[in-house]
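A.B. asks: Using the sequences and the accompanying hints, generate a full structural model.
If you want the building blocks of each chain, they are given just below.
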Amino acid sequence: MTMIGDRQQLAYIASQAADARVNVELETEGMTLNIGPQHPATHGTLRIIARLDGEQVLWAEPSCGYMHRGYEKLTEVRTFPQVTALVNRIDWLGSFANEVPFILAAEQLMEIEAPPRAQWIRTILFELSRIANVSLFLGDLGVQLGAITPVFFAFRDREYVLNLIEGATGGRFHPNFDRIGGLKDDLPAGWIDETRAVMKKMRKFCDEIENLLFGNEIFESRTRGIGVIPRDVALQYGMSGANLRASGVDWDLRRDQSLPMAWDKVDWKVWTHNDGDSYARCWVRLQETRESTYIVERLLDTMPSGPVMTKVPRIIKVPEGEAWISTENPLGEMGYYVVSKGDLGPFRVKIRSASFNNISIVPWLLKGVYVPDIITILASLYFILGDIDR
Amino acid sequence: MNPLSSPAEATPRQDQMREQLLSDVTACLGDALVESHINVGNDLCVRIATDAWATSAAALKASLGFDYFCFLSAIDWMPSPFGKGEEDPTAEREERSTEIKQGLAGGETRMQVFARLVNHRTHVGITMKTDVPDASPVVPSWVSVFAGANWHERETHEMFGISFSGHPDLRNMYLPTDFEGHPLRKDFPLLSRMVKPWPGIVDVEPLPGGGDEDEAEGSAQ
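First to last, the protein sequences are chains A and B. Anchor point for the first sequence: position 45 equals 45 in our numbering, and the numbering is continuous, going up by one each time. Anchor point for the second sequence: position 89 equals 1089 in our numbering, and the numbering is continuous, going up by one each time.
Among the hints, a few may not be true.
Quick look at which bits of chain B chain A covers, simulated, 3 or more residues with Cβ under 8 angstroms [what the hints assert, rightly or not]:
id, stretch
1, 1016–1023
2, 1039–1050
3, 1070–1078
4, 1102–1116
5, 1167–1180
Below, a list of computed lysine-lysine pairs in the DSS-like style, where the Cα atoms sit at most 30 angstroms apart [what the hints assert, rightly or not]:
id, chain 1, residue 1, chain 2, residue 2
6, A, Lys269, A, Lys204
7, A, Lys341, A, Lys311
8, A, Lys317, A, Lys73
9, A, Lys73, B, Lys1196
10, B, Lys1061, A, Lys317
11, A, Lys269, A, Lys311
12, A, Lys367, A, Lys341
13, A, Lys73, A, Lys204
14, A, Lys269, A, Lys200
15, A, Lys341, B, Lys1101
16, A, Lys341, A, Lys184
17, A, Lys341, B, Lys1186
18, A, Lys317, B, Lys1101
19, B, Lys1061, A, Lys367
20, B, Lys1196, A, Lys317
21, A, Lys204, B, Lys1196
22, A, Lys341, A, Lys317
23, A, Lys341, B, Lys1196
24, B, Lys1101, A, Lys73
25, A, Lys184, A, Lys367
26, A, Lys311, A, Lys201
27, A, Lys269, B, Lys1061
28, B, Lys1186, B, Lys1196
If you want a taste of the chain B side facing chain A, the calculated C-beta under 7 angstroms gives, among others [what the hints assert, rightly or not]:
id, residue
29, Ser1144
30, Ala1147
31, Pro1189
32, Leu1190
Hints listed in this document are in silico derivations from the structure and should not be mistaken for laboratory results. Glycine included, C-beta positions come from ideal geometry on N, C-alpha and C.
C.D. replies: Encoded structure:
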């Protein structure tokens, strides 16, 4: 047995041993970290309270309600056509997509259907709002990891899509363009050619993001294997959209239910990933954005002619009944349970928004992760505050 | 395109797929199933006995594969005593109906909790309702069956004042802790409407010459 006479060496060995035991024997003092409500990673005002042990999260609890506007109560004092102006503001990055399921539910209760051309244009605008929404996610993702460049690309190219939405609807962020029975207007002249050009640009943008981020060593090491959600957990928390598909569940409401929309009229692919980690969620969203550009192009190719509005009464009274319609919105499953009593306005509207379910998994998911990963996990879950609080 | 849509479209007033599902659900739940309604081509709605609310969800999840938790909320079926807040405040108040009339699949109480589950393999969903006893508004919690029900039950608790037995933590989600009242109950007034009348009362102006409004072309909206 060799004697250790050197004091310095002894101290070194002791410190090594202490490091190895640090979480086992030594009581480290915990600390509470408050993230938000004003934090760039929260897409609004979400506050996360995390109890830390060193660098690890013991528990984390999101605190919502900074943006609660009470839409479910407000819908009860509005008429059916007025409600679309409210629901526009739930997920403000993909506003048009919020209007569609509510209008479809009202149409179902009234037993009317929009003309084919209106269905096509609805689907195109729906996909454009998905592209506008998710392209911001792709740029923002870089910022959360410390890369500034992607967000500039995203804001530059997203502008083209917003210009298209503005050209067709008149509103960049809150179109309020969908009507019970069809659409407010037909497309303006030259819009279709412009859209084709922009879709090419957006595919180039997707390639750029893929080259910038998805091969990057830092990006991979910060997202691969981080924040893994197994599929059964994802299902029982009601995760939807790309978050669910990244956990290996092949389920897309655009394909798997029959709605009076045009998705089933063209050929496209549902992207899934089996890993369930942050990387998978980002990757699925990137592929979906690219797929959406193809959907838009193919719909433009097959667009029927005709009116964009069916005959509806001037004063809309929706017959008594209940209807549930949900669609695959940019953030996930967005649905409305509409109860009508045969009145001018709905009796009760339950708004099922995607982010509320997607973020309710956070206390489970953040347990045990390291502090820097909180931000990447939140970014990869992708939520919009208006969509959580409604 | 979609195999699910074909039966409903071929025979509009029948929905064989959901009738089959209903017979499966009836066999699975037994006495717990009180009433059911098929919304043809859209939805299957079942009403569950309050005591069996949580066990029925567990049974549907285990034996019929309803493993995707969509949402949980409640409905207050009492007609609002305040209407839409669009009346002239100086005029005499008109009598409003106070009759409580429940929706699909019936009901016996003022408030009902309702939730939606989906089978992620067949993509077919089911809407479940249960009566909330008027005297003590308590319903068994789903948290042990679907972890995602946690937040939904917290939201329902603060918005409707319905308690969930077995829920770990029914803190408020949105409102301050000392907030009084339950905003989504119909007898909770929308205060902004009480303070200031809604400026959009006249939504549709009458046509010049007094045309038949209900039959006019819809593009005018």
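A.B. asks: For each hint, tell me whether it holds in the structure or not.
C.D. replies: Quick rundown of the hints versus the structure:
no. : hint                  : verdict
1   : 1016–1023             : violated (count 0)
2   : 1039–1050             : holds (count 4)
3   : 1070–1078             : holds (count 5)
4   : 1102–1116             : holds (count 4)
5   : 1167–1180             : holds (count 4)
6   : A:Lys269 x A:Lys204   : holds (19 angstroms)
7   : A:Lys341 x A:Lys311   : holds (22 angstroms)
8   : A:Lys317 x A:Lys73    : holds (19 angstroms)
9   : A:Lys73 x B:Lys1196   : holds (17 angstroms)
10  : B:Lys1061 x A:Lys317  : violated (38 angstroms)
11  : A:Lys269 x A:Lys311   : violated (35 angstroms)
12  : A:Lys367 x A:Lys341   : violated (45 angstroms)
13  : A:Lys73 x A:Lys204    : violated (43 angstroms)
14  : A:Lys269 x A:Lys200   : holds (18 angstroms)
15  : A:Lys341 x B:Lys1101  : holds (10 angstroms)
16  : A:Lys341 x A:Lys184   : holds (26 angstroms)
17  : A:Lys341 x B:Lys1186  : holds (14 angstroms)
18  : A:Lys317 x B:Lys1101  : holds (19 angstroms)
19  : B:Lys1061 x A:Lys367  : holds (26 angstroms)
20  : B:Lys1196 x A:Lys317  : holds (26 angstroms)
21  : A:Lys204 x B:Lys1196  : violated (51 angstroms)
22  : A:Lys341 x A:Lys317   : holds (9 angstroms)
23  : A:Lys341 x B:Lys1196  : holds (26 angstroms)
24  : B:Lys1101 x A:Lys73   : holds (19 angstroms)
25  : A:Lys184 x A:Lys367   : violated (48 angstroms)
26  : A:Lys311 x A:Lys201   : violated (38 angstroms)
27  : A:Lys269 x B:Lys1061  : holds (29 angstroms)
28  : B:Lys1186 x B:Lys1196 : holds (19 angstroms)
29  : Ser1144               : violated (11 angstroms)
30  : Ala1147               : holds (5 angstroms)
31  : Pro1189               : violated (10 angstroms)
32  : Leu1190               : holds (6 angstroms)
When the structure is compared with the earlier hints, violations turn up for hints 1, 10, 11, 12, 13, 21, 25, 26, 29, 31 and for no others.
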